[in-house]
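If you read the sequences in order, they're chains A and B. Mapped onto this note's numbering, the consecutive letters of the first sequence carry residue numbers 375 to 973. Mapped onto this note's numbering, the consecutive letters of the second sequence carry residue numbers 375 to 973.
Read the hints as simulated data drawn from the structure, not as lab findings. Keep in mind that the hints are not guaranteed to be accurate.
As the list claims (entries may be wrong) - Here are the simulated BS3-like pairs of lysine-lysine, each with C-alpha atoms no more than 30 Å apart in a straight line:
id, chain 1, residue 1, chain 2, residue 2
1, A, 954, B, 822
2, B, 954, A, 822
3, A, 538, B, 520
4, A, 488, B, 881
5, A, 488, B, 893
As the list claims (entries may be wrong) - Some but not every residue of chain A turned toward chain B, in silico, with C-beta under 10 Å:
id, residue
6, 562
7, 563
8, 804
9, 808
10, 902
On a predicted model such as this, the values are computed, not experimentally measured, just so you know. Glycine included, C-beta positions come from ideal geometry on N, C-alpha and C.
There are 2 protein chains.
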Amino acid sequence: MDTMEGLSRSHYCGEVTEAEKGKEVILCGWVERRRDHGGLIFIDLRDRTGVIQVVASPDYEEQSFKKAEQVRTEYVLAIRGEVRMRDEATVNQKMPTGTIEVRCDEMRILNSSKTPPFYIEDNVDVDESIRLKYRYLDLRRPEMQKNLIMRHRVKHAMREFLDKNGFFEIETPELCKSTPEGARDYLVPSRVNPGKFYALPQSPQLFKQLLMISGMDRYFQIARCFRDEDLRADRQPEFTQLDMEMSFMSQEQILQLTEQLMHYIFEEVLGHDIQLPIQRITWDYAMKYYGSDKPDLRFDMKFTDITELVRGTEFKVFRSVIEKGGQVKAINVKGYSQIPRRELDGLVEYVGHYGAKGLAWICFTPDGIKSQVMKFLGEDTIQAIGTACGSETGDLVLMIADKPAVVAAALGELRKEMARRTHLIDENKFAFTWVLDFPMFEYNEEEKRYVAMHHPFTAPRDEDLDKLETDPGHVYAKAYDLVLNGVELGGGSLRIYQQDIQQRVFKAIGLTPEDANEKFGFLLRAFEYGAPPHGGLAFGLDRMIMLMLKRKSIRDVIAFPKTQNAIDQMSEAPGEVAVKQLRELHIHVDAEDKNLVKK
Amino acid sequence: MDTMEGLSRSHYCGEVTEAEKGKEVILCGWVERRRDHGGLIFIDLRDRTGVIQVVASPDYEEQSFKKAEQVRTEYVLAIRGEVRMRDEATVNQKMPTGTIEVRCDEMRILNSSKTPPFYIEDNVDVDESIRLKYRYLDLRRPEMQKNLIMRHRVKHAMREFLDKNGFFEIETPELCKSTPEGARDYLVPSRVNPGKFYALPQSPQLFKQLLMISGMDRYFQIARCFRDEDLRADRQPEFTQLDMEMSFMSQEQILQLTEQLMHYIFEEVLGHDIQLPIQRITWDYAMKYYGSDKPDLRFDMKFTDITELVRGTEFKVFRSVIEKGGQVKAINVKGYSQIPRRELDGLVEYVGHYGAKGLAWICFTPDGIKSQVMKFLGEDTIQAIGTACGSETGDLVLMIADKPAVVAAALGELRKEMARRTHLIDENKFAFTWVLDFPMFEYNEEEKRYVAMHHPFTAPRDEDLDKLETDPGHVYAKAYDLVLNGVELGGGSLRIYQQDIQQRVFKAIGLTPEDANEKFGFLLRAFEYGAPPHGGLAFGLDRMIMLMLKRKSIRDVIAFPKTQNAIDQMSEAPGEVAVKQLRELHIHVDAEDKNLVKK
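Take the sequences, apply the hints, and build the full model.
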């Protein structure tokens, strides 16, 4: 193998332009392709910026030509040579460097390569598990490099904006104390303190509030967080969060600052101009019209509540639902009245996954109205429903009657599904919305008590304080979520900073002062020493970048992600460890005698 | 308590200047001091920028004056009022805002405070364990706020420089695989993979090399790292590292880029102009003249090797050391010849801590030469030693005879100690040096084999490749450390990227291909697919910021540090966890039956 000795890269491959015509360049990179043609060898040389064509010939430099003959895909080369225009016939308009090439005056083979298990190119059709096992090759693909580079740019833009706005990035511990609230903790046994454990942080929530009590005023951190949950497609055991907290600011000021942050990031990284102010809807509104606290507003298709229209009908299914306190809601699907009967049957099945026991439909076809509930509701009611839903000829109305929670879930999912089927979603659109005024509490049927919807430090709205004891179900919080294209980008709240209100909230969720003290002791003590009014928010960075880049999986925007079994397929983590390590940590593995660990 | 409702902070306390005279400001902060004088109440209001005086009087606003009467230290206030010049008599030149004050036209008490356990002021004389327990109050002290703000600025400057220079910050996993090399790992039991464990990363070393194989070209990360070691004063179980790696660059290019990075940070954050290029010494030179691979070059006081001068003497102590392959080295302490005999005896004890069995001394006093070895060495030799050491009248020469390693350690420490005693150290100085050409291997007496001095991926110098098999003790590495004021700021190396050389290095440290494969399997596989020449370095961020800020402890530059027992005294992490949590993780605590964990 050759070395770089005496050579110093002058340009990245993708950054050589016609301006360098006639100049000597020194390039380094990987062989994407080699072609032998007419006594010449053509090599496409790739680095992170792109690809350029290198031409070797015995007429240019004999030694280099001989080396070029040995070269294969993914060999690592350094090339010295003159930039020149290609012959008209060989110009490649699809390549940014397609009008030029480099005459190979010197070639060094810096390293060889085995044949990779898949082609290093975009849209490669290869099983994800192979891509993850050979992640270092997968990351050579231009689209993966772009993802990671954009991720860097997003974080850099965030930091620039926050630094300019007086935020300090302060690192908080990752070896923390386990708290029983929230998701399952990852635990770390302590060697020095036998029988005790650290927990990896689910978020820096407590520490950022303590920093506000410290008077740091404006804090942020791009922080690693950990949750030991069963993984869904868009979850990772470790994930990255933009975490912010600020003092002496109103909710209005926090929302505005956050909008400016988002505007800056999208502008800097994507050149996209988010229209400010971002629209705001309340949680009640979101649930009422979209059945979701993170509605996809790239399309409209709001729910219409037709409960009152059908309250008086003979139709038993509707009537019994309404009598039990349920409701009937409908969506109008534009221009889909010709839906085949079989597809309609499929939709019944679809909403069944979300708990709905049935689906009623009305097709306002050009040939007249068709509906399986016509005979129960009568044409007048059917017409009235159509009017309420704003239906026109050619539209399809879909109705669900059930408990409000089931209607919300099932009709909400159906709304998104029908939008996909009718191509209503503009994939290029970024539809932001704030969702405000979340309920403080939700009733937990299992535990027969109210629990905090966000977390028990979220401040209730001033006007609802009186209801904390009498009507907790109708107390709303100073909480806000930012939603993009139907995905929760992040959210936060103003926090309780006054001890008397904190105690009343704890009481509302059935937490005695003793329990509260055991769970949050040191934070509550800190609040006794002059806590300022404060609030903040947190954004899931992986998800944000995935949405910005229009990717389908967060694994595409994480350099070394884990599978749904929380395994790193490349390094094979987690792995077995030596018994000596366990002894030092004062722990045994349950299955130790089954030889699950190395002796 | 009052709320902020309708008020919006207009200024930070410390940023109000005479330019605001006559204007209304709205300030928020904590009560640093309250004084009642002449019917007025004076409140020093503090936020993260500084302190300003607020004056309340019933003549200004009755209600606010009444509130001011209730106010105590660390209460949280919002103040609205007009900025005015102070009376000449009350001007405080020590305060940046000492010529102005704010007339209190409105006061809101946003929160009360218990009396804090210590004063919120700099140079507070309080036990560190109290400071750590009430860290949120400790962090209110201006010097601690400054430390954290400077830390933010350092990281921000790093990122700016590296972004401008084409480095991408890429996040690597923290749930990794345990590798048996290096320090002790923190382990994390896996719930989904029973009996298996993640390890928290000691550094992102393997991942950054994989990113180079991925063609990312220039990587950095300000990364959290973990080592479960017994803690010394300047160590923490979790610490932060600036981690860098780059491809296709020579050692010279890496050193130059690093120097520019350092220059940028010191300039941006401290306004300090590091003189470039930073001086370079070899590891051999550092050991020979300073007895340390991280010499403090704020002062000179080099070692003089006097072995040859005393080889022929009758002095048995020296002779027997020399005969066994040892050496005799001396330092010259300027102007310290009048050292009392008792202090000399103390020095003998001092070097004893570092393994030296004795210490010989020569005092070139104005009244003549005094030395306990005069009669053994004779005046000629004593004079010759003085000449060799560059001694003048008034100087003290200290000599140690021992094995080279002991001479280096003991005389190296003595050198620093004598510099402190003779006030030779300019505390305002930043003395940088590169230490280059580290040995590849050091001989491990216990294991009777060579081990890698840095890590086994460090590249040997090209000119030493031949010695890998024949004379590993004289193979030097393409490794470099950056040293500041006697502390290793960071270091790195060019890496081996060619498989044949990697195998030879493994062989030199007695690692069979099978062992190597078990330990580093996936990395070695990755190297088969076209690894580029690459190298990098890592800097300990906590230590760097400590040195920049001239602090004595890294705990002063970490928001929430742990004690030497790896305990967070505020949150009391690590803590006990529920047995249910352990069962889910498939582990038992050894002492579980002793009730060390909650049932």
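Review point. Given residue 808 of chain A as an interface hint, is the shortest Cβ-Cβ distance to chain B below 10 Å?
Key: 20 Å, violated
Practice task
Starting from residue 538 of chain A, check that the Cα of residue 520 of chain B is at most 30 Å away, please.
Solution key: Measuring from Cα to Cα gives roughly 17 Å; hence the hint holds.
For the hint on residue 902 of chain A, just tell me whether its beta-carbon gets within less than 10 Å of chain B. It holds, given that the least Cβ distance between residue 902 of chain A and chain B is near 5 Å, below 10 Å.
**Message:** Need the status of pair residue 954 of chain A, residue 822 of chain B: alpha-carbon distance at most 30 Å?
**Reply:** Given pair residue 954 of chain A, residue 822 of chain B holds - Cα atoms ~22 Å apart, limit 30 Å.
**Prompt:** Straight-line Cα separation of residue 488 of chain A and residue 893 of chain B no greater than 30 Å?
**Reply:** 22 Å, holds
Exercise for review: Have a go at the residue 563 of chain A hint: is there a Cβ in chain B nearer than 10 Å to its own Cβ?
Suggested key: Hint on residue 563 of chain A: holds, closest Cβ of chain B at ~7 Å, below 10 Å.
### Query
Keeping to a limit of 30 Å between CA atoms, is the pair of residue 488 of chain A and residue 881 of chain B held or broken?
23 Å, holds
When the nearest CB of chain B is found for residue 804 of chain A, is that gap smaller than 10 Å?
With Cβ-Cβ at 24 Å, over 10 Å, it is violated.
Checking hints one by one. Is residue 562 of chain A an interface residue toward chain B, by the C-beta closer than 10 Å rule?
5 Å, holds
| Is the Cα-Cα distance between residue 954 of chain B and residue 822 of chain A 30 Å or less? | Distance of about 22 Å is within 30 Å: holds.
Hints 8 and 9, counting from the list given before, are not met by this structure.
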